[in-house]
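**Student:** Modelling step: build the complete structure from the supplied sequences, incorporating the hints.
Residue numbers (the numbering used here), protein chains in the order written: chain A, 1 to 548; chain B, 1 to 548.
In case anyone wonders, no lab produced these hints; they're calculated from the structure.
Even for Gly, the Cβ is constructed at its ideal location relative to N, Cα and C.
Mixed in with the good hints there might be a few duds.
[Said to hold, decoys possible] To spell it out: a stretch of chain B is covered by chain A in this simulated footprint if at least three of its residues, at any positions, have a beta carbon under 8 Å from a beta carbon of chain A; those stretches are: (1) 399-407; (2) 426-433.
[Stated by the list, open to error] Derived pair list, reagent style SDA-like, types lysine to any residue, alpha-carbon separation capped at 20 Å: (3) K27/A - G318/A; (4) K71/A - N498/B; (5) K84/B - L228/B; (6) K4/B - G176/A; (7) K319/B - E422/A; (8) K532/B - I509/B; (9) K532/A - D454/A; (10) K71/B - G494/A; (11) K154/B - L228/B; (12) K398/A - D336/B; (13) K398/B - I53/A; (14) K505/A - K532/B; (15) K247/B - G261/B; (16) K218/A - G318/A; (17) K27/B - E529/A; (18) K398/A - K541/B; (19) K435/B - L24/A; (20) K319/A - N269/A; (21) K398/A - G364/B; (22) K541/B - L471/B; (23) K505/A - R480/A; (24) K71/B - D476/A; (25) K27/B - N269/A; (26) K398/B - P430/A; (27) K71/A - R480/B; (28) K435/A - L24/B; (29) K84/B - K98/B; (30) K71/B - R480/A; (31) K541/A - D454/A; (32) K145/A - G176/A; (33) K27/A - K435/B; (34) K435/A - G413/B; (35) K435/A - L60/B.
[Stated by the list, open to error] Selected chain B positions facing chain A (in silico; Cβ < 7 Å): (36) E26; (37) R57; (38) A59; (39) P300; (40) G303.
Number of protein chains: 2
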Amino acid sequence: MAKKILIVGGVAGGATTAARLRRLDEKAEIVLFERGEYISFANCGLPYYIGGIIEERDALLVQTPEDMSRKFNIDIRVFNEVTKINREDKSVTVKNLKTEELYQESYDYIVLSPGANPIFPPIPGINEADNLFTLRSIPDTDRIKDYVDNRKPKAAIVIGGGFIGIEMAENLHYRGIEVTLVEMANQIMAPIDYEMAAILHNHLRDKGVQLILEDGVKAFEDSGKKVLLQSGKAVSIDLIILAIGVKPENQLAKEAGLALGEKGGILTNPYLETSDPAIYAIGDAIEINDYINGNPAMIPLAGPANKQGRIAANNIIGKRETYSGTLGTAVAKIFDMTVASTGNNERTLKQLGVNYQAIHLHPGSHAGYYPGAFPISMKLLFESNSGKILGAQAVGHKGVEKRIDVIATAIKGNLTAVDLKELELSYAPPFSSAKDPVNMLGFVAANILEGLTDTFQWYEIKDILQADALLIDVRDEIERDLGYIDGSINIPLGELRNRLPEIPKNKTIYVYCQVGIRGYIAARILMQEGYKVKNLDGGYKTYQSIYA
Amino acid sequence: MAKKILIVGGVAGGATTAARLRRLDEKAEIVLFERGEYISFANCGLPYYIGGIIEERDALLVQTPEDMSRKFNIDIRVFNEVTKINREDKSVTVKNLKTEELYQESYDYIVLSPGANPIFPPIPGINEADNLFTLRSIPDTDRIKDYVDNRKPKAAIVIGGGFIGIEMAENLHYRGIEVTLVEMANQIMAPIDYEMAAILHNHLRDKGVQLILEDGVKAFEDSGKKVLLQSGKAVSIDLIILAIGVKPENQLAKEAGLALGEKGGILTNPYLETSDPAIYAIGDAIEINDYINGNPAMIPLAGPANKQGRIAANNIIGKRETYSGTLGTAVAKIFDMTVASTGNNERTLKQLGVNYQAIHLHPGSHAGYYPGAFPISMKLLFESNSGKILGAQAVGHKGVEKRIDVIATAIKGNLTAVDLKELELSYAPPFSSAKDPVNMLGFVAANILEGLTDTFQWYEIKDILQADALLIDVRDEIERDLGYIDGSINIPLGELRNRLPEIPKNKTIYVYCQVGIRGYIAARILMQEGYKVKNLDGGYKTYQSIYA
Ligand SMILES: Cc1cc2nc3c(=O)[nH]c(=O)nc-3n(C[C@H](O)[C@H](O)[C@H](O)COP(=O)(O)OP(=O)(O)OC[C@H]3O[C@@H](n4cnc5c(N)ncnc54)[C@H](O)[C@@H]3O)c2cc1C
Ligand SMILES: Cc1cc2nc3c(=O)[nH]c(=O)nc-3n(C[C@H](O)[C@H](O)[C@H](O)COP(=O)(O)OP(=O)(O)OC[C@H]3O[C@@H](n4cnc5c(N)ncnc54)[C@H](O)[C@@H]3O)c2cc1C
Ligand SMILES: CC(C)(COP(=O)(O)OP(=O)(O)OC[C@H]1O[C@@H](n2cnc3c(N)ncnc32)[C@H](O)[C@@H]1OP(=O)(O)O)[C@@H](O)C(=O)NCCC(=O)NCCS
Ligand SMILES: CC(C)(COP(=O)(O)OP(=O)(O)OC[C@H]1O[C@@H](n2cnc3c(N)ncnc32)[C@H](O)[C@@H]1OP(=O)(O)O)[C@@H](O)C(=O)NCCC(=O)NCCS
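**Tutor:** The following block contains the structure:
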């Protein structure tokens, strides 16, 4: 008999599940419930429509209910909210939001893809702030756009420095609005580490965004015209965007007694079945395993939601397939820069007590002699003994996400950090270098793992200088004009071999250059002369993004 | 005792070997011989300097002999040609090209990185053509640039449609010169297949390059002012660039009795030792193994040369390491387009009798709703049973080489075509889609391998129509206005379920749409109704690049 499958949620996960189900099973009865007006819309495009970069609202609607039901013969019910799952008799209760009518619908299988909701904390004055918006749906977008178009706000505050907060800051800026971005942590973009985010902090400030870190909102006053921060600062604005994260939409699941994780995400097994095997769950609503460390995690991204939808459909039709966890590969455009990352960051690895190594490089996006190359600041994290790749981050103007995608692929292929040196990546001057930045990470990783070089990190410099260590800047004298680390002496690489007598043998020598490569060469010279040497990972350029 | 290492050739492979050797061994005696004036120059940038895109000649000189010897303490001898290897007494004979003096130099190890030479066939009149140039070195570049700057040629012919020929065609065009490109084969860019090259043919013609395929030069007349083609055509021009490929520089090796391969490349073992273990060879001069099929091949690219240099240095110092073969990952900019590829092409697989499958897709470079997306035409080749990835090709305006790099990495990680569906690649609207084009290849590959879909290829259409098969165009009627395959009938996908009675059950049904996806959906509908169906791989878009 034909299977009857109910899908809750009609966007990234839900619509994909429906389409795949139909392709696999022409006879299945598929009903898609969406409580909103729209299915299959481009959540990820919403900020850009507000900013005017995406000009046509219609472009956000990837599929209309009419198109989709014609193409896929699916019973699509917008404005219909599933309010209850009655597991005993395998039915759901649905509320038609237009008519307020309630009705029942039976099922063989349910797929829950209800997404997540913006966090909305009980800050004093939040409910009175009539200029405060969150962004998740098309109606949210319409409201914000309408406010910007018609009320012409001069100043806005964006609360939260995650992907959506930053995208909104940028897009409001494009609309000519003075933007203040407030973030509770000491950095924006939680998936990357502090020294990488520091580059973005500088870029945002260069672009005219007022960035307030390590501060949160204490209260909204004057119907939202004034935002009081915990530091005591007050900001007067016309528009507030609240983007401090999302929490899984777990109401239905919870009430149905399905197992939830600690963070509130719906729990599934690798087949994406919830604790009730007739009910699958996917997307932002579920807790997944972190692909690197195996721990439970919430990673609300569209790629995983889409892939999970396809897997859930396969399993329902009997093509058993598992989901292997989420790496968290992500990218964002931030004004002229791109930031991308995959896997775990250093903060996470420290918390987990993993024995790791970090590498920072600043290779060019392509060959330096071909115009238009920009440095990419890259960070690779790998296990100290095995070389297993644990994570990677990159910030730059061009070619950033390409390198992260390559590393994300290497992780899935179980390649180690050292294996990166053998990747055969495409090279012509407009695109890369004969030694691609990813190869370079591999070379450096190999050198570290083989003991050819030893490095120290930007955050160790203070202690090193306090311990009265010798810090040698091996750049040319002229480069110091643009800045150097206080307390360092200068011996240019080209003079090093002749000036060995100046360097004491009885203590560790710390060397640095601009990006790390000459420091490495200097270290090799000194080590072979019997010195114990450490080279500043990432060089002055990494140091400078934080301290200069 | 300190090792004495002689390096022959001071550019991509040679200079890299020297630098790595020094980093590993501060005491080694390293002598680098280069018969030209320059070491360590950017071969790959030469066409762009002629075209004026790279403005400064100095930018081409990555390292000067002075810099490099200061930094690396290497004895660099430009204008010194190694003319003989005396293996019996472990010495070489060197000719100082300035003084004509000959001298001997002893060695513990030699690294040969002498590169390759442009092929210069004995075509009648070639030696009299005083406007004919090949391009390999800085002096070659100076000569061509000088000719263009001062003689202001109006029309040029480029002979050979490989990377260098095409880059020269483009760069001469930028200089305002009418360019004719002649290629003996039926396509340019031998690493990719015909239907992919067809897209580039159209682009070159759109840009005003006169493209002559399946024709060769018969003779040069009038001191090179006239080029006679084998077809009988004659082209009058002011400048000739001969770029029909390179042959390995094997003279020294041959005379020293080192083993050579069939194609003239120096033979090495995986450690990059020649038949004499004291002599290593790397770069364009050596024969490598094709990483995919294991056969001997010549793949003259800078990435492999650089990587081999590092491996040779490691081996000499006793850090034993092997080279695992070359995939041939390559990329070129062709006016506004990019072409990239990795692994084997379909032609090669056919020749080898491999049981393979091909997929053609045309996904957007990024989300269609975000401005600036362009389709990428992609081709994936994989083994029919195992799903082993055999090769990939892509042509488009943006994000092309990113996808090829990801696939090249997947190959090195032993991921199968099906595994591509699980890659977690970075997604935000300006960069990709939630289902990245590479994921899409994985989905389609899985569908083929699991028998969910069966495809036919562009080159089968003629036979299919002759056999009086039913070919259904499932696009909307309006799309046919811009072209369709003669002999096809139109049943739009949205009407298909209602029009099944029109479709006979007694023969294979062939369906097609614009890019393949609606054809696939149609095929799924029909297959489940009991039809035998094949979908046109790549859709009308692939067909059209060849026939329309
Ligand atoms: C502004 C913005 C920008 C983003 N940018 C990116 C990006 O660049 N890259 C990226 O990877 N991800 C991005 N995301 C995240 C991405 O959109 C989500 O990860 C993805 O949409 C999750 O898919 P889902 O199916 O789980 O949930 P959703 O796509 O949110 O769909 C859930 C749907 O379920 C409906 N629903 C919920 N409960 C019920 C019910 N009981 N009955 C009926 N319907 C119900 C909701 O109305 C909603 O429409 C962005 C998100 C936003 C909001
Ligand atoms: C115009 C052009 C564009 C290119 N574009 C690309 C590209 O975009 N991407 C890519 O991957 N590759 C590209 N290449 C190919 C790349 O440059 C080569 O693969 C690479 O340089 C090979 O390195 P090699 O060390 O083997 O040879 P080379 O770099 O050519 O160095 C060999 C050197 O050895 C010297 N020599 C030879 N014999 C002797 C001797 N007996 N004594 C002393 N010296 C000797 C020669 O003078 C020469 O300088 C391009 C090449 C050219 C010419
Ligand atoms: C639009 C939507 C309904 C499409 O679902 P879908 O049909 O599975 O996805 P696509 O249109 O991308 O097509 C993918 C399917 O076509 C197939 N396909 C793609 N190109 C093909 C080609 N050229 N030839 C043959 N098959 C092809 C794939 O194999 C896949 O089918 P499968 O899952 O059966 O293997 C759904 O993705 C959606 O709602 N997206 C918008 C919401 C969203 O994702 N938001 C978050 C990001 S902004
Ligand atoms: C310039 C040239 C001599 C450099 O050789 P090189 O020193 O090996 O190469 P690079 O300058 O790219 O540096 C790579 C080295 O620095 C290390 N390195 C790079 N960045 C680093 C950093 N930030 N910190 C520490 N080490 C770093 C790498 O590990 C590698 O060292 P290793 O081989 O000992 O592991 C040589 O590549 C050359 O001649 N190139 C031009 C010619 C050419 O390639 N032509 C064809 C393409 S146009």
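**Student:** For the hint on A59/B, just tell me whether its beta-carbon gets within less than 7 Å of chain A.
**Tutor:** Constraint on A59/B satisfied, holds at 4 Å.
**Student:** For the pair supplied as a hint, K435/A and L24/B, confirm whether the alpha-carbon distance does not exceed 20 Å.
**Tutor:** Cα-Cα ~19 Å, so holds.
**Student:** Would you check the hint for K319/B and E422/A, treating anything up to 20 Å between C-alpha atoms as holding?
**Tutor:** Roughly 16 Å separates the two Cα atoms, so the pair holds.
**Student:** Does I53/A sit within 20 Å of K398/B, going by the straight-line distance between their CA atoms?
**Tutor:** Holds - the C-alpha atoms of I53/A and K398/B are around 19 Å apart, at most 20 Å.
**Student:** When you check the alpha-carbon spacing of K435/B and L24/A, does it fall within 20 Å?
**Tutor:** OK: K435/B and L24/A at ~19 Å, within 20 Å.
**Student:** Given the hint that K505/A pairs with K532/B, does the C-alpha gap stay at or below 20 Å?
**Tutor:** Status violated; Cα separation ~80 Å.
**Student:** Are K84/B and L228/B close enough, with their CA atoms no more than 20 Å apart?
**Tutor:** violated (40 Å)
**Student:** For K532/A and D454/A, compute the direct alpha-carbon distance and say whether it is at most 20 Å.
**Tutor:** holds (9 Å)
**Student:** Between K27/A and K435/B, does the CA-CA distance stay at or below 20 Å?
**Tutor:** Outside the cut-off at roughly 26 Å; violated.
**Student:** Please verify whether K532/B and I509/B have alpha carbons no more than 20 Å apart.
**Tutor:** Answer holds: K532/B to I509/B is near 6 Å, not above 20 Å.
**Student:** For the pair supplied as a hint, K71/B and D476/A, is the alpha-carbon distance within the 20 Å limit?
**Tutor:** holds (12 Å)
**Student:** Please count how many residues of the segment 399-407 of chain B have a CB within 8 Å of a CB from chain A and say whether that reaches 3.
**Tutor:** Coverage by chain A holds for the segment 399-407 of chain B (5 residues, Cβ < 8 Å).
Checked against the numbered hints above, the structure breaks hints 5, 6, 14, 16, 18, 23, 25, 33, 37, 39 and satisfies the rest.
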